[in-house]
Amino acid sequence: MPNFEHPEYPEATLLHLESMVPCRESQVSSLLSIFGERQHFSFPSIFIYGHTSCGKTYVMQTLLETLELPHVFVNCVECFTSRLLLEEILTQLQSLSSEKKHGSHVPCDTFNDFVRLFKQEIITQDLQNQTVYIVLDKAEQLREMEANVLPGFLRLQEMTDRNVTVIFLSEIVWELFRPNTGCLEPFTLYFSDYSIGNLQKILSHYHPPEYSADFYAAYINILLGVFYTVCRDLKELRHLAALNFTKYCEPVVRGEANERDTRRLWKNIESHLKKAMQTVYLREISSSQWERIQKDDGEPGHLKGLSAHAHVELPYYSKFLLIAAYLASYNPARTDKRFFLKHHGKIKKTNFLKKHEKTSNHLLGPKPFPLDRLLAILYSIVDNKVAPTANIFSQITSLVTLQLLTLVGHDDQLDGPKYKCTVSLDFIRAIAR
Amino acid sequence: TAVRFVNKKCYIRARFVYIYLSFCLTDYFSQGKNDSEDSGLRFATCQLLWKQINSETEKIQEELNKQLFDNLIHFLRQSHSELQTKKTEWMCRMKSSEIPTAALVLGVNVTDHDMTFKSLSEVLQDNVTPYVVSLQAKECPGIKHLLQKLMGQLMDCNVDVDSSEEEECVNISQKKIRCSMASLSKWYESVTKKTDSETPSKKRTSSSRHWQSPPIVVIFKDMESFTTKVLQDFIVISSQHIREFPLVLIFGIATSPMIIHRLLPHSVSSLLCIELFQSLSCKEHLATVIDKLLLTTQFPFKLSEKVLQVLINIFLYHDFSVQNFIKGFQLSIVEHFYSQPLSVLCCQLLEAKKRVNSLSHNQCENIRSLPSFRRYVESQVSEKQIALLTEDSFLKEVTQTLLEDLHIYHENYFTVLRCLHVFTTSLPKYPLGKQIRELHCACLGKSVWETEEYESAIQLLRMLAKDELVAILQKCAEIFISSSGKQFSNTVEKLEEFLARFQNLEGEHFSVGFRSVPSVEELSSSYIPCCSFRSYLAPAEMQTLNEVVYFNTANTLREHLNAAPRIALHTALNNPYCYLKNQTLKSDVGCISNTAPDICIVYKLHLECGRLINLVDWLEAFSTVVTAVEGTDPDAVATDQVDEIIHARFIRAVSELELLGFIKPSKQKTDHVARLTWGGC
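From first to last, the protein sequence lines are chains A and B. The numbering of the first sequence is the working numbering, which starts it at 1 and goes up by one. The numbering of the second sequence is the working numbering, which starts it at 434 and goes up by one.
Everything labelled a hint here was simulated from the structure, so no lab data went into it. Small disclaimer: the values here were computed from a predicted structure and weren't measured. For every residue, glycine included, the Cβ atom is placed at its ideal position computed from N, Cα and C. Mixed in with the good hints there might be a few duds.
What the hints assert, rightly or not - Facing chain A, according to a computed beta carbon distance under 8 angstroms, are these residues of chain B, among others: (1) 495; (2) 614; (3) 618; (4) 657; (5) 658.
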């Protein structure tokens, strides 16, 4: 007895569909009932949101493909201008029923053109009697396009007077989309995060053909035990599972343990997975390097991650410039006299710090400072005399291009540019050594 | 004013060299000097020398980069093959397809990177793939521009692979408007299909150079300057198409690979398969360059201690750029050949001897006036002195032998220097410096054995363990043997004999422990070669005729390479005589002359003011100064009315100052301007 019931589709298709979308049965069945029968008019727009990799794209794609509904699937990141987006939709629409794989290129500049061309296309493709689905993946990009694009898509059914449904897939809630001029509210549908049980079920679903499902499920169980606290991204977990599986199988392959010897297998893999969490997962070392280590059975210790190469070697004056910038960023300007002048007046200790300054400056982040102050501090911290040569100034600019300093604010550089120092205390300590 | 120089990203230095060289291509050398000083020949010699040196530097660069490039090519090959032949079907499906990425850490010497990237893309295009794209941050402010640039470069390189199929390429470039990843993958498909269907003969030629389906390599030259958004979008988009065409990214990183994590969030960086590659440090690069260009007799031209120090200081203190170091070296060559008439003799020994014979009388006089030659003359007996100073032919003969001596001196000097360096590098704390360039500087400047550092080095040397000493001496012997100088055959013999004795000693006193074995007398005998070093390491300044090959006007070089715009501007405005050379402008320090240009007067007056300057007071002071000496008419001064012309001159001078960035209009007070330079705060 299938979970999904629908008079339109044969039972076998529905059963197949069910097996394809584990843990998303409720969402799929509500979508099915919204869609209705082929010739029915559906909601003009449906908004589906949920966290990263909770199956939005996958479910939509499988649903539309298994039921063989006419649809267009577009990724909005890829089509970064409205023109590209509209043209892409039209091109895909062309190739819906026709034999050739790629439709010819249709020039389409405005939304108005789009509506006209869309109507034409529906007729030429003979799709008047079916609902056409347009799926816009990563729909949050639409907000950065022209103001008429999002409301236009919301009312596409009304404007074209055709049977069309636009489906938005997004990671953020509808409230962040809503344009301030009136618009047609879409039907919103939430895809909840997968629970640990769901993850377990989905991950063990595709087990390698050489091993039994139970064996792989036990492995996934261990994997989730290690990674579930830091990562719930299904794609990432699947990737990690594939990366480390050979290591898990090792004792079995060598004949030291059989497939049911869970405890021994666990001992073998656990520390390995923890190491993976610190390295591969953070992309400190790449997955191909990780595989090579596994193959050679070497310790990953000798391979340093990206963060291990944190030290930056700088020219002599650049070092001092950076230190001066750091001092200028984190010390209030009032204290300069006290720190950098030989004969500063006495300062009463009690009133020296204003109340709000008692919180650590490091918590407040770097403050902007003018160029002159930077140079003044530089002159006082370098032992010998520094001439203000062109080289010194160009060094400041190169520090900015290296992102160690940032230029703050206005573009008019003539009246005193201001900078901020963006490096951390540890970095400065390493340099000052 | 300083501010301007900051934001205008100063290439002042490069420009200086450029101007210099464009001059020297004209008849700059012969300007003002008559040809009795061989200016034409000097120019030719200079160009020839530079050509040799340039090709040598390119060779060095190539050798140094070889290792890195080999690693990169290996990486490309591997990433590529992995994409095609996955071990198991299951693995392939489960693993997310990451974009292979090479993080190339190149160091902060950004000016050198261009060279490296240029040769990298050449190497890749020769060995791996025709599809190499290099992108710069300033060309790609948005994802659209990035893709445009990317596709533009790709289509171009397609043209250059098969020039026969131009028509189709034109078609593609017409369709260029749609620059999306989809059309890119379509393009790739068509291109690879085309090469497959080619005639077998043609296929062989192309496949010998490139791989079957060549990857598309995208080089981000300056990773730090790219905006996060552009990078993220590009990676996200291309990761969706990675299965359609093999894409490989190369990130050029100047600081540290941490920047990747700073620029890219985890969701994006998880799409990459990053491997780290590190280039040779710029200091090692410099050491090689100095070793191959300066510490060799291959090139006759030499740098004096001060000049070398200036170049090295710029390198260490300011930019870490080897390119700039070589540019500075080039500048000193040009400057030397231009300013020193006798530099005509700065060529290979045989050629120089020939040239001596054809020297003009003028040139002979030039030789006689060289300080080192005068010292030499004074040390001779009086008849010879007279002969040297009066007979040109005798002078030429002597000059030839002196040049030969100089050549031999250099041969010996470099050999002995290397030996001494072997000794000093093994010492704790490196009293004479760790690098050979430091030792070289020390020896060039003064008699090194008279310095304190040398003393302490010798002290430390006495305390070396025997096996260390033996190793050092063996290395020395190798250096001596490999050197071309014949004088050292004797030394080598002595050294080997000594080493043999040392080995024997070890056998005899095996039980005594090595500390006491090499007793003082043994050790002191080991310094015999050390002591005889002295004559070879005598500073170059002591050598007769050293001016011919040594460039020693460090000041000129410093002025050109380490310009101080602020100071120059201040000098120009404060003391116009310095640049204008007009006698009437000569004035005492502190007083303001009315003959100076208006802007100078205004500038000097504004120096006396605080942060805000009252324009009315300033104008009054200005008119007082201007009229002071002209002011034979006291009545005119007495009237409060300022002359209109003076007023206009004042306004113009003030706006000139504003243009130069010394002042700006202030909003705090209406009739005031604010100072922008020092003293204002």
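Structure-based check of each hint:
no. : hint : in the structure
1   : 495  : 23 angstroms, violated
2   : 614  : 6 angstroms, holds
3   : 618  : 11 angstroms, violated
4   : 657  : 5 angstroms, holds
5   : 658  : 6 angstroms, holds
Against the hints set out earlier in the document, violations occur for numbers 1, 3.
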